[in-house]
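S.K.: Chains as they are written, first to last, in our numbering: chain G, 190 to 470; chain R, 2 to 218.
Hints are computed from structural coordinates only; laboratory data are not their basis.
A couple of the hints might just be wrong.
[Said to hold, decoys possible] Among the chain R residues that face chain G by a calculated CB cut under 8 angstroms, a handful are:
1. Ile-36
2. Ala-39
3. Val-40
4. Ile-123
5. Asp-207
6. Gly-215
7. Thr-216
[What the hints assert, rightly or not] FRET-style restraints, in silico, Cβ to Cβ:
8. Trp-97(R) - Thr-318(G): 43 to 53 angstroms
9. Leu-444(G) - Gly-174(R): 32 to 42 angstroms
10. Thr-318(G) - Ile-123(R): 15 to 25 angstroms
11. Ser-96(R) - Pro-240(G): 43 to 53 angstroms
12. Ile-145(R) - Lys-306(G): 30 to 40 angstroms
13. Pro-424(G) - Cys-82(R): 32 to 42 angstroms
14. Ile-81(R) - Val-303(G): 47 to 57 angstroms
15. Gly-402(G) - Leu-38(R): 39 to 49 angstroms
16. Ser-466(G) - Leu-159(R): 42 to 52 angstroms
17. Thr-318(G) - Arg-100(R): 37 to 47 angstroms
18. Ile-145(R) - Arg-468(G): 47 to 57 angstroms
19. Gln-229(G) - Tyr-101(R): 20 to 30 angstroms
20. Leu-159(R) - Pro-239(G): 24 to 34 angstroms
[Said to hold, decoys possible] Far from chain G by the CB rule (all over 10 angstroms, computed), these chain R residues:
21. Arg-29
22. Ile-46
23. Thr-65
24. Gly-138
A quick note: this is a predicted structure, and the numbers were derived from the prediction, not measured.
Note that beta-carbon positions come from the ideal geometry of N, C-alpha and C, so glycine has one too.
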Amino acid sequence: MLEKLMNIDRRIIFIAIALSVIIPTLLPVNLPITGSEPTQKLYDYIDALPPGSTIMLAFDYGPSSLAEPAPMAEAVMKHCFDKGVRIIGVTLIVDAVTLADKLMQKVSEEKGAVYGKDYVLLGFRPGVTQVILGMGTEIAGVFESDYTGKPLSEIPMMANITNYDQIDLLLDLSAGSTVEIWITYANVKYGLQIAAGVTGVIVSQMYPYLQTGQLVGLMPGFLGAAEYEKLINAPAKGTEGINTESFAHLLIVGLVIMSNIAFFVHQRQSVGASSRSQREE
Amino acid sequence: MEVFGIWVAAFLTFCIYSFLYRDNPFYRFAEHLFIGLAVGYGIVITIHQGLIPLAWNPLWQAITGEGEASRWGLLNLIPICIGLLFFARLSRRHSWLIRYPLAILIGVGSGIAIPNVLQADIFAQTHGTLTPFSQIGRLSAFEIFGAILMVIGVICTLTYFFFSVEHQGAIAGISKIGIAFLMIGFGSAFGNTVMGRVALLIQRVDFLLNNWLGTLF
């Protein structure tokens, strides 16, 4: 039995993980979602902004990692449009720009937001550091036109926005190392307030910045998206995702415990067997 | 057309997941297609959103006198020419020219990065580690415990990476505590990585069950 468990075909584990995701997706269960402090801080910060304020949303994720940041972006955009907070979309990642465009259009249609008045998508410029530093001096110096090619001077929303001085918050929705870059250049050099919504893979790296106040808030993966959706009372993909994910987590925790028990029992049996054979010799 | 796109996406999703059984031509086809498309798409977007508005348009407007650009746009020729030196790598005879753009990139990059990185990752983090002690009278017992634990963790972990003295006696003991803190950190990172990877699977399963099967039933 123990031998079988130690040599289990990894494909059986893959099937078990697949089933732990497929079954809850087909038969949704609503598990309770408790809020965490990092998400609450972000929500409170945006909620306290007066109507007419401006936040910059950095869509720094690609198609291969959109599962977690996209629901976060959607929830934050809904909150902003409800509050009358204007959004400037931007990206440092080359393959994110069409994802950002599609998502902004979807949420704006749902909330009745108007392009050029309530939100604008600047798009992508190569350079990362140079883009961040350049916008600190003059946004129009880096983005002389928006994603569609319309000059910024013709967009009403951008009339009084020159640089970071007119931006109340930058929220980086990231699947890589861009949050650190925004902190290093936009926060340190220009004092721009920064928050992050990141994939689970990089969330551990973000907590030191949260503790020092370099991040005003943080949404960790699906959990962050689900918590934000709960705060704005609009459950969507984040809530669905975290409910399903909980079952996969239970299975993985069970497998880790089981394999550790099997490992230590097997090790003890091997040590016992070798000492017996030494005595017999 | 949208249904066709959904079927293509579903087929490619199955191709990628077929690797979980074993390596096969369908997986390799999808992998190569993804890489090729990503590179091609990246190049096109970079040309349209980077090269044309930042380099070509100002230069062309300076030459032709069209638009709002002035003759100063001709200055763009300097960074464009320096950038073009990267292609010198393609010629064995002229490959030494690549040293100039690389030297500028590294010099400018370091000059910009060093003071900001020091501030963001060293000074601010040290300040954040010690700040709770300046407010100790206002902290709860749990917060004081957390602040002390954080300082112990930082000192022990840094000691583990301090190789100028032999790790014996007290130093060895402190390093071992540092290893424990590192393991806790790695465990947290691993748990969060699992969360992130499962999230990707959930998104694909959601797509297959709701979008793809939705086109059938």
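S.K.: Confirm or reject each hint.
M.R.: These are the hints, each one checked on the structure:
no. : hint                                        : verdict
1   : Ile-36                                      : 11 angstroms, violated
2   : Ala-39                                      : 6 angstroms, holds
3   : Val-40                                      : 10 angstroms, violated
4   : Ile-123                                     : 11 angstroms, violated
5   : Asp-207                                     : 6 angstroms, holds
6   : Gly-215                                     : 13 angstroms, violated
7   : Thr-216                                     : 17 angstroms, violated
8   : Trp-97(R) - Thr-318(G): 43 to 53 angstroms  : 27 angstroms, violated
9   : Leu-444(G) - Gly-174(R): 32 to 42 angstroms : 34 angstroms, holds
10  : Thr-318(G) - Ile-123(R): 15 to 25 angstroms : 19 angstroms, holds
11  : Ser-96(R) - Pro-240(G): 43 to 53 angstroms  : 58 angstroms, violated
12  : Ile-145(R) - Lys-306(G): 30 to 40 angstroms : 50 angstroms, violated
13  : Pro-424(G) - Cys-82(R): 32 to 42 angstroms  : 55 angstroms, violated
14  : Ile-81(R) - Val-303(G): 47 to 57 angstroms  : 38 angstroms, violated
15  : Gly-402(G) - Leu-38(R): 39 to 49 angstroms  : 41 angstroms, holds
16  : Ser-466(G) - Leu-159(R): 42 to 52 angstroms : 46 angstroms, holds
17  : Thr-318(G) - Arg-100(R): 37 to 47 angstroms : 21 angstroms, violated
18  : Ile-145(R) - Arg-468(G): 47 to 57 angstroms : 55 angstroms, holds
19  : Gln-229(G) - Tyr-101(R): 20 to 30 angstroms : 51 angstroms, violated
20  : Leu-159(R) - Pro-239(G): 24 to 34 angstroms : 44 angstroms, violated
21  : Arg-29                                      : 17 angstroms, holds
22  : Ile-46                                      : 5 angstroms, violated
23  : Thr-65                                      : 17 angstroms, holds
24  : Gly-138                                     : 20 angstroms, holds
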